[in-house]
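> Residues per chain are reported as follows:
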Amino acid sequence: MLELNNINKVFNAGTVDENRLFDNFSLKVADGEFVSLVGSNGSGKTTLLNVICGTLRPDSGSVVFGGTDITNAPEYKRARRIGRVLQDPKMGTCATLSILENMALAENKNKRYSLGRAVNKHREEYFKSLLETCGMGLENRLGVLAGSLSGGQRQALALIIATMTDIELLILDEHTAALDPKSSETLMEITQRVVTEKKLTTLMVTHNLRFAVDYGTRLIMMHSGSAVMDIDGERKRELHIDDILGKFNEISIECGN
Amino acid sequence: MNFVVNILIGIVEEGLMYALLAMGMYITYSILDFPDLSVDGTFPLGAVLTGVLILHGVNPWLCLLISFAAGMLAGTLTGLMNVKLKIIPLLCGIIMYTAMLSVNLVIIRTGTNGGAIASFFTKSTIFNSATIIPERIGGFYLRTAIIALILVVLCKVIVDLYLKTKNGLLLRATGDNERYAIMLGKDPGTMKIFGLALGNGFAALAGSVIAQNKGSADQQMGIGMVVLGLASVIIGLSIFKRVKLMKGTTMVILGSLIYKASYQIVLELGLPTEWNNFVKAVIFLIALVIGGDQLNKLIKGLVKRPKKEGENVRAE
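So the protein lines, in turn, are chains A and B.
Under our numbering, think of the first position of the first sequence as 1, with each following residue one higher.
Under our numbering, think of the first position of the second sequence as 258, with each following residue one higher.
Worth flagging that the hints you see were computed from the coordinates, not collected in a lab.
Virtual Cβ for every residue (Gly too), placed ideally from N, Cα, C.
Among the clues, some could well be false.
Here are the simulated distance ranges between beta carbons [as the list claims (entries may be wrong)]:
1) A/Asp-17 to B/Ile-556: 47 to 57 Å
2) A/Leu-145 to B/Leu-348: 31 to 41 Å
3) A/Arg-141 to B/Ile-415: 47 to 57 Å
4) B/Gly-549 to A/Glu-185: 30 to 40 Å
5) B/Ile-415 to A/Gly-14: 48 to 58 Å
6) A/Glu-125 to B/Ile-415: 27 to 37 Å
7) B/Val-414 to A/Asp-166: 28 to 38 Å
8) B/Ile-407 to A/Gln-192: 53 to 63 Å
9) A/Leu-145 to B/Ile-556: 52 to 62 Å
10) A/Gly-66 to B/Leu-542: 38 to 48 Å
11) B/Leu-542 to A/Asp-166: 48 to 58 Å
12) A/Thr-15 to B/Ser-359: 34 to 44 Å
13) A/Gly-66 to B/Gln-477: 53 to 63 Å
14) A/Glu-185 to B/Ile-556: 39 to 49 Å
With a straight-line cut-off of 25 Å between C-alpha atoms, the simulated BS3-like cross-links for lysine-lysine are [said to hold, decoys possible]:
15) B/Lys-421 to A/Lys-90
16) A/Lys-109 to B/Lys-423
17) B/Lys-557 to A/Lys-77
18) B/Lys-554 to B/Lys-537
19) A/Lys-109 to A/Lys-182
20) B/Lys-380 to A/Lys-90
21) B/Lys-498 to B/Lys-565
22) A/Lys-90 to B/Lys-537
23) A/Lys-128 to A/Lys-109
24) B/Lys-554 to B/Lys-565
25) A/Lys-28 to B/Lys-554
Kindly generate the complete structure, drawing on both the sequences and the hints.
The following block contains the structure:
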């Protein structure tokens, strides 16, 4: 269970640009839920993820994860239980390391980064089997530098890397936004499979309303730092894009975009 | 003929010794993306420490290790300034270098009863005490070059092996993409400090080796080391970047040799020694011009401000 309790966050406090984003915002996400977050620009979706991951600290309020208060834990410590894929494909892998080295490094997460050899030949078959599931032919290119992959391939690799070890929460921060439509579709399918297979609790921010409707077990629409729509269970399964489009346009027009 | 051979041996000999410094700067500048100016202070740290220790009868090989450790300590401080106090690399280097001016002077004054230079021509060093290279192989200079070569190859192999370990991979990942290190559950700051410790360890090691070769050590030896080290790295990386499978460490060793060769050629043309540092500066300038992207990387690296938590995160 992930709980955000009475989160307050003000940006540029005390200046003319003061922006009170969260005013006593609370949210509970149960284990195994796959939440799609949509909303207008500046509605607080990404800030919400940043508060959960520790990239940002709230001004007040608490973040409780699996019974532990992690409000003040540094980002890198929280990352031990959280997998995260960011919008920028360059962020989730190391460009100057090969696919194989990237995966070896990621597999060692939460263990000691010792002076032992990083790349273990015996693991190659396992890595290949993980890459095969993407259907991108990456399994035959283990020695290639991650930096030379296309955005879609790199993001798929980032997703595999983020979910390789046992994590308790998967955070997807507009992870398809930088990709072309076809690659986005592929990546969403891969995402769905990984999440289902590993039964991961997932929070996904997306600008693609169709993805939000088609995927996930719960949909939250954010606007000005609060959830203006929160649909789950049976209603989410039967949800159609037209059901949320009206509300989405309404809040988008309000922000002027 | 003999004259040319002697110059060549001289180039190889010194080029190899300075390659140890280049190797350290390869770790900081190229891998960690942190152009480290503190080496102007940590290179002579290794030198004066070695000078003083040898005068007091310490084993010259042990001096190499002690210098390396002292360099690592200084590098740790540079790293702490950057990581904990959020000071840009340029200023970390300037602060460290300035402070080391005093530290080095104190070491040398204490060790020589108030002197400003530690001379140990008559004492045994790794070059003249060595029985590892039999005399029948060649003259003193050739044997010196061989010892330098062994040292450099040894260090290169160790660095190459390290960069393939889990820890080494994490260091490379940290330099390339700090966010990635965070996502792996590791504090990138710790790796950065460690990388800077390594880099300055090598700088001090180079200082120790050069001092043992000269038979003396003083504060002045540090002047121009940043320029020399960075030029070697940039020359090596930009000339050999298209050579497949060549390791970065090999590139910077070759870079150091090329640097030394061009420096020596200019001096052999008859330039008085007072122009030494001018020549160093000009070669560095040329390296920057031919280095292409390296200039950009260097400038960006020097002024890269360590981010505070939550900084530059927009309200979205």
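> Look at each hint and say if it fits the structure.
Verification of the hints:
| no. | hint | result |
| --- | --- | --- |
| 1 | A/Asp-17 to B/Ile-556: 47 to 57 Å | 30 Å, violated |
| 2 | A/Leu-145 to B/Leu-348: 31 to 41 Å | 33 Å, holds |
| 3 | A/Arg-141 to B/Ile-415: 47 to 57 Å | 30 Å, violated |
| 4 | B/Gly-549 to A/Glu-185: 30 to 40 Å | 39 Å, holds |
| 5 | B/Ile-415 to A/Gly-14: 48 to 58 Å | 53 Å, holds |
| 6 | A/Glu-125 to B/Ile-415: 27 to 37 Å | 31 Å, holds |
| 7 | B/Val-414 to A/Asp-166: 28 to 38 Å | 36 Å, holds |
| 8 | B/Ile-407 to A/Gln-192: 53 to 63 Å | 57 Å, holds |
| 9 | A/Leu-145 to B/Ile-556: 52 to 62 Å | 25 Å, violated |
| 10 | A/Gly-66 to B/Leu-542: 38 to 48 Å | 57 Å, violated |
| 11 | B/Leu-542 to A/Asp-166: 48 to 58 Å | 53 Å, holds |
| 12 | A/Thr-15 to B/Ser-359: 34 to 44 Å | 43 Å, holds |
| 13 | A/Gly-66 to B/Gln-477: 53 to 63 Å | 60 Å, holds |
| 14 | A/Glu-185 to B/Ile-556: 39 to 49 Å | 41 Å, holds |
| 15 | B/Lys-421 to A/Lys-90 | 22 Å, holds |
| 16 | A/Lys-109 to B/Lys-423 | 10 Å, holds |
| 17 | B/Lys-557 to A/Lys-77 | 29 Å, violated |
| 18 | B/Lys-554 to B/Lys-537 | 21 Å, holds |
| 19 | A/Lys-109 to A/Lys-182 | 31 Å, violated |
| 20 | B/Lys-380 to A/Lys-90 | 55 Å, violated |
| 21 | B/Lys-498 to B/Lys-565 | 34 Å, violated |
| 22 | A/Lys-90 to B/Lys-537 | 37 Å, violated |
| 23 | A/Lys-128 to A/Lys-109 | 19 Å, holds |
| 24 | B/Lys-554 to B/Lys-565 | 22 Å, holds |
| 25 | A/Lys-28 to B/Lys-554 | 45 Å, violated |
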